[in-house]
Amino acid sequence: MDLGPVSPVTRNMSRLAMIAALALGTTVQAGAQAERRGATGIVIVTGQQATTPVPTLMEGAANSVGNLDVVDQLFLRLAEFGPKLLTAGDRDFVPALARSWTRRDSTTLVFELDPRARWHDGVRVTARDVVFTFSRAKNPDIAPRLSDLVRQITSVTAEGDSRVVFRFARPYAEQLYDASYHVAPIPAHLLDSIPPDSVGHSSFATNPVGNGPYRWVRSVPGQFVELAAVPDFFLGKPKIERVILRTAAEPSARINLLLSGQADAMDIIPPPFVGRVASDTTLRLISVPSSTMGYLLFNQHDPKNRSRPHPILADNRVRRAITLGLDRGQLVQAVFGSQGMVPYGPVSQMLWIRQRSPRAEGPNIAEARRLLAATGWGDSDGDGTLDREGRPLRLVLSLPTTSGIRRQMGLLIQEQLRRIGVQIEIQQLEFPIYIERRSAGDFDVDFSAANQDPSPSGLTQSWTCTGGSNVAGYCNRGVDSLMEQAIRGQGDPGERWVAALKQIEEDAAATFLYAPAFTYAVNRRFRSVTISPQSSWLTLRKWSVSPVPVAGRSQ
Amino acid sequence: MTALLDTLRAAWRNPRGRTGALLLLIVVIAAVIGPALLPDPLAQPDILGASRPPGLGHPFGTDQLSRDVLARVVSGARISLGVALLAVALSVTLGAAVGIVAGYWGGAIDAALMRLVDGALAIPRLFILLLVLAVWERVPVLALILIIGVTGWFATSRLVRGEVLRIREEAYVRAAEALGARRRRIIFRHLLPNALGPLLVAATLGVGDVILLEAGLSFLGLGIQPPAPSWGGMILDSREVMVSAPWAGIFPGLAIVITVLSANLFGDALRDAVDPRSA
Amino acid sequence: MSGWLLRRGLQAVATFAVALALLFILMRAAPGDPLFRLSADRPISQKEIEVLRARYGLNQPIGKQLAAFVGGLVRGDLGVSIEHGRPVTALLAERLPATLLLGGSVLLLNFTVGLWLGVRQAVRHGRREDRWLTTLSLTGYAMPSFWLGLVLAWLVGVEWRLLPAAGMQDPLLSPDAGFLTRAGDVLRHLVLPVLTLSVVSIAATMRYQRVAMLEVLRLPYIVTARAKGLPERVVTWRHAWRNALFPIITLFGLWLPILVTGSVFVEAVFAWPGLGSLAAGAVGSRDYPLLMGASLLVAALVVAGGFLTDVAYALLDPRVRLG
Numbered sequence: 001m002d003l004g005p006v007s008p009v010t011r012n013m014s015r016l017a018m019i020a021a022l023a024l025g026t027t028v029q030a031g032a033q034a035e036r037r038g039a040t041g042i043v044i045v046t047g048q049q050a051t052t053p054v055p056t057l058m059e060g061a062a063n064s065v066g067n068l069d070v071v072d073q074l075f076l077r078l079a080e081f082g083p084k085l086l087t088a089g090d091r092d093f094v095p096a097l098a099r100s101w102t103r104r105d106s107t108t109l110v111f112e113l114d115p116r117a118r119w120h121d122g123v124r125v126t127a128r129d130v131v132f133t134f135s136r137a138k139n140p141d142i143a144p145r146l147s148d149l150v151r152q153i154t155s156v157t158a159e160g161d162s163r164v165v166f167r168f169a170r171p172y173a174e175q176l177y178d179a180s181y182h183v184a185p186i187p188a189h190l191l192d193s194i195p196p197d198s199v200g201h202s203s204f205a206t207n208p209v210g211n212g213p214y215r216w217v218r219s220v221p222g223q224f225v226e227l228a229a230v231p232d233f234f235l236g237k238p239k240i241e242r243v244i245l246r247t248a249a250e251p252s253a254r255i256n257l258l259l260s261g262q263a264d265a266m267d268i269i270p271p272p273f274v275g276r277v278a279s280d281t282t283l284r285l286i287s288v289p290s291s292t293m294g295y296l297l298f299n300q301h302d303p304k305n306r307s308r309p310h311p312i313l314a315d316n317r318v319r320r321a322i323t324l325g326l327d328r329g330q331l332v333q334a335v336f337g338s339q340g341m342v343p344y345g346p347v348s349q350m351l352w353i354r355q356r357s358p359r360a361e362g363p364n365i366a367e368a369r370r371l372l373a374a375t376g377w378g379d380s381d382g383d384g385t386l387d388r389e390g391r392p393l394r395l396v397l398s399l400p401t402t403s404g405i406r407r408q409m410g411l412l413i414q415e416q417l418r419r420i421g422v423q424i425e426i427q428q429l430e431f432p433i434y435i436e437r438r439s440a441g442d443f444d445v446d447f448s449a450a451n452q453d454p455s456p457s458g459l460t461q462s463w464t465c466t467g468g469s470n471v472a473g474y475c476n477r478g479v480d481s482l483m484e485q486a487i488r489g490q491g492d493p494g495e496r497w498v499a500a501l502k503q504i505e506e507d508a509a510a511t512f513l514y515a516p517a518f519t520y521a522v523n524r525r526f527r528s529v530t531i532s533p534q535s536s537w538l539t540l541r542k543w544s545v546s547p548v549p550v551a552g553r554s555q
Numbered sequence: 001m002t003a004l005l006d007t008l009r010a011a012w013r014n015p016r017g018r019t020g021a022l023l024l025l026i027v028v029i030a031a032v033i034g035p036a037l038l039p040d041p042l043a044q045p046d047i048l049g050a051s052r053p054p055g056l057g058h059p060f061g062t063d064q065l066s067r068d069v070l071a072r073v074v075s076g077a078r079i080s081l082g083v084a085l086l087a088v089a090l091s092v093t094l095g096a097a098v099g100i101v102a103g104y105w106g107g108a109i110d111a112a113l114m115r116l117v118d119g120a121l122a123i124p125r126l127f128i129l130l131l132v133l134a135v136w137e138r139v140p141v142l143a144l145i146l147i148i149g150v151t152g153w154f155a156t157s158r159l160v161r162g163e164v165l166r167i168r169e170e171a172y173v174r175a176a177e178a179l180g181a182r183r184r185r186i187i188f189r190h191l192l193p194n195a196l197g198p199l200l201v202a203a204t205l206g207v208g209d210v211i212l213l214e215a216g217l218s219f220l221g222l223g224i225q226p227p228a229p230s231w232g233g234m235i236l237d238s239r240e241v242m243v244s245a246p247w248a249g250i251f252p253g254l255a256i257v258i259t260v261l262s263a264n265l266f267g268d269a270l271r272d273a274v275d276p277r278s279a
Numbered sequence: 001m002s003g004w005l006l007r008r009g010l011q012a013v014a015t016f017a018v019a020l021a022l023l024f025i026l027m028r029a030a031p032g033d034p035l036f037r038l039s040a041d042r043p044i045s046q047k048e049i050e051v052l053r054a055r056y057g058l059n060q061p062i063g064k065q066l067a068a069f070v071g072g073l074v075r076g077d078l079g080v081s082i083e084h085g086r087p088v089t090a091l092l093a094e095r096l097p098a099t100l101l102l103g104g105s106v107l108l109l110n111f112t113v114g115l116w117l118g119v120r121q122a123v124r125h126g127r128r129e130d131r132w133l134t135t136l137s138l139t140g141y142a143m144p145s146f147w148l149g150l151v152l153a154w155l156v157g158v159e160w161r162l163l164p165a166a167g168m169q170d171p172l173l174s175p176d177a178g179f180l181t182r183a184g185d186v187l188r189h190l191v192l193p194v195l196t197l198s199v200v201s202i203a204a205t206m207r208y209q210r211v212a213m214l215e216v217l218r219l220p221y222i223v224t225a226r227a228k229g230l231p232e233r234v235v236t237w238r239h240a241w242r243n244a245l246f247p248i249i250t251l252f253g254l255w256l257p258i259l260v261t262g263s264v265f266v267e268a269v270f271a272w273p274g275l276g277s278l279a280a281g282a283v284g285s286r287d288y289p290l291l292m293g294a295s296l297l298v299a300a301l302v303v304a305g306g307f308l309t310d311v312a313y314a315l316l317d318p319r320v321r322l323g
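Protein chains in written order, with the numbering used here: chain G, 1 to 555; chain U, 1 to 279; chain H, 1 to 323.
Isolated chain G (complex conformation):
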């Protein structure tokens, strides 16, 4: 009872179909290769797609990494950072949209715009654009986040076509930073007729017109965004003609895109992959100081009753003991390899004050044990965990499920602290729950990660008594005043910041765990590659492409 394939005809037909498919596949493959070789392009892998990369529109969810990556290519700032990323003072900045700047007095800054600057539709960039931009930026109904950042700017006026005058509420060190960094100018002639709350839905938002080295071409939802070089860009035509930012939400998909040759560059290679990427000879690894920093934040208050001090952590000797009981160097080495360092105070590798601060201290298990004993903790029941008056030294460490790094390090920390008798229970929360609990001060120890702005003034949010993000209740008036002085520019800002850091460390407000450097990967056929710590692809326009394709790239 043999029943093979239905009939000889069918059998032959299926064979034919297979051959046809193969032939089609090969021709398509060859055709694709040919069509791609035209313009030079770069494919960058990102985790999030740009939705509205327009200054003043990036509020709330739109203040995303995806948008930030693209907005810097489309819109040029008045001035950009110098190599040291110094945010205080006027001298360390580099001209961009503004050709030069001068001071009239301690609260007035005057910018001269570069007359060569043009919007992508050909119209000249004028002082009116800057004035218009700041009128939108300072409006809290349109841009709550941005208006808060530029609150020190009292007025922006135009004197002629090329001169813009900024006036500030009071003298302080970061006036130039505030005027240039937070928002890049947007075209008044295209937007002033659109009411502010309609801009987000306008055609401008989906097809922005900027003045930067690249212009917007298209966005394919859920897949990629394409940009094209502006041929007559006044600071020099970019040598890479096409820029594709390709999105993949899953980390494994991103790394696969890079390693399979489908992408040329990727930001922030997760540490476990670095070795594998390093073995791919077509890729070059670049170490970039990162703006992130991880720390264990100790709640000074009792999470169950915020008016009472924390039963275990209110005593700063216990907090010091935990810091000394951790071998932070080993933690960093295990998770980040050679790409991480232990920070002194809440300072990421990107902040310029890092260079002035002392090194973080190493572990001291004996001292940790002594401190704990001195505060009355002993192991009365021999179970390995210290206790006092019947209460065990048990703390809950909260962290979000989204952070693989914190998950990994949390387990290592749990093990290390177990050795000095501190029992850590790890509580992994889904991100929204984690944020909710953290904001409400409902935690013992919060495994926090901060993504810092280039300006150290952001530290006031978390480390001053009245800081908006100070969820742990840490308060030291001395620190407040030191930070205030640094911001005003009274004395040497660098010295003041470091003094504030020292105080925070002595108070053991937190255990500062890691300040990593990120590892980026870029295909070797790109030359003159530099990565800016505060905005990954900012210098893309200065990169060049080697004409010969590097061997090893498939497809």
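What the hints contain is simulated information worked out from the structure, not anything from laboratory work. Backbone N, C-alpha and C define an ideal beta-carbon position, used for all residues, glycine too. Take the hints with a grain of salt, since some may be wrong.
Partial list, computed: chain H residues near chain U (C-beta under 7 Å) [said to hold, decoys possible]: (1) 19; (2) 25; (3) 60; (4) 133; (5) 136; (6) 147; (7) 260.
Selected chain U positions facing chain H (in silico; Cβ < 8 Å) [claimed, not checked]: (8) 32; (9) 33; (10) 37.
A few chain H positions that, by computed beta-carbon distances, are all more than 10 Å from chain U [to be verified]: (11) 70; (12) 89; (13) 93; (14) 131; (15) 184; (16) 191; (17) 302; (18) 306.
Chain G is fixed; fit chains U and H onto it per the hints.
This is chains U and H only, laid out in the frame that chain G set:
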């Protein structure tokens, strides 16, 4: 009861069923006594020398936190099997109860229950679980079992209801009713025993489904919380190192495949025994 | 017939309503707040939160939210996604085609390869090939789709570089490339995700079809046909197969939920820009409007699928209509 034993015996005689049963037995034994024989799955003895490939001392290699993969896979068996068996027991019980009530009482109760079942079946189980787990942020294992069990009874209830409807018309049931036998007696004496066959099939196949489901949830970060090892959680952690240390993800995956396969082999053989037409 | 259609149609609507109610209750009872996610890395001011909360209507009581939602649903408005800042209907519409392409390809493979193998098994019932195929299908059915996807992406995409490891198309293709080139490009990207999803689904189809075919092969008129001396080929493909069509129709109705579930994992692993990856992202960020929209769409598809299969049954078998 004898019918049930006959079914089991028939399934055993089937070579595939036997293979499945034996494999399952091996997995269960490994889960029970394995952790006692193997190193601590939570221990991280050698942080700086993590991600070792399989070799002496670590037959399945170590993961990126230097934990022994074999030990974790075996510990994971305990958790995954435990969750699956308990959740399935819950589903089957609930499904049987609802099915019997709907089938035997009929009428408005039947209509209402089946409408609810239809509505719930319209939403894929994974979606329901994703949403429910969003309500209970961090889920202790018992709660996870409860939630999975409670979302799995819908199809079983339909099955049991079908059986009840069929048996209810049989002569001996009619006779019992005419003689004034109480409902409870009829349920437990006649309806339930006849439904046991299909229930057992549903249960066995359900174990496989729940293992896959729990693995998927853990992969999305919603299931078993660390550091307790679960197969899905291990694959989640391993995806970051799949290209450099694939063994950390391959072995838990294989464990899932073998366990689910053996459960399905045995379940299939049971189904053949219960319903010979499909043999 | 029309009376039956009406009743059945109303049933479908009622089922959908139950699903909608369940979903809404489940989601709004969640303690997480989507806006807190935004204070991830950068400090977020209270004022900003209030503005956004008002914009998305999250400060209304639940009853009002439900009423507003149902009202919007009737008009075809599913609200605005919190994470993406765009209308949910637009997002769903954008991503649906990719999932349909994936799902459609998988279904195609099921209805060709799966069916053929199932029939073959039934016809060679009891022989070595049948047993072998059964074991194979059971193994396929036991594989977690995300695991298989990870392994395939790594092996085929990265190590061997035979096919793209992720994505749906090559972004470097110039926009005026020919249709054939672009279609071929998508096809190449489609292979691995389809393979991953197909392994599991074909396994199930095979088993289903095998059972169905076996039942039919035992029917009296088939036996008679054979006894009359008709060649096996004719018996199989002209008579028996048509009767086995019923389970296929059921299968079609069942495949929608399975496809949707599987696609959540597979689309994530392969960065396939479909509904599955959209939904997965929405869960993590508590994007209520988007989650609700996606789940509703899925439920609607499932209910519609069930309704259509019933109609198909009714058309093929008059007894169903009258029963």
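Results of checking the hints against the structure:
1. 19: It holds, given that the least Cβ distance between residue 19 (chain H) and chain U is near 4 Å, below 7 Å.
2. 25: At 10 Å from the nearest chain U Cβ, residue 25 (chain H) fails the 7 Å test, so the hint is violated.
3. 60: Result: violated, 20 Å to nearest chain U Cβ.
4. 133: violated (12 Å)
5. 136: violated (11 Å)
6. 147: Since chain U brings a Cβ to about 4 Å from residue 147 (chain H), closer than 7 Å, the hint holds.
7. 260: Hint holds; residue 260 (chain H) Cβ to chain U Cβ min 6 Å, cut 7 Å.
8. 32: Check failed: Cβ of residue 32 (chain U) comes no nearer than 22 Å to chain H, outside 8 Å.
9. 33: Check failed: Cβ of residue 33 (chain U) comes no nearer than 24 Å to chain H, outside 8 Å.
10. 37: violated (26 Å)
11. 70: Consistent with the label, residue 70 (chain H) stays out of reach of chain U, its closest Cβ about 16 Å off (over 10 Å).
12. 89: holds (19 Å)
13. 93: Non-interface label stands for residue 93 (chain H): nearest chain U Cβ at 20 Å, farther than 10 Å.
14. 131: Its Cβ does come within 10 Å of chain U, the nearest being 7 Å, so this is violated.
15. 184: holds (27 Å)
16. 191: Since the minimum Cβ distance to chain U is about 19 Å, residue 191 (chain H) lies beyond 10 Å and the statement holds.
17. 302: violated (5 Å)
18. 306: violated (8 Å)
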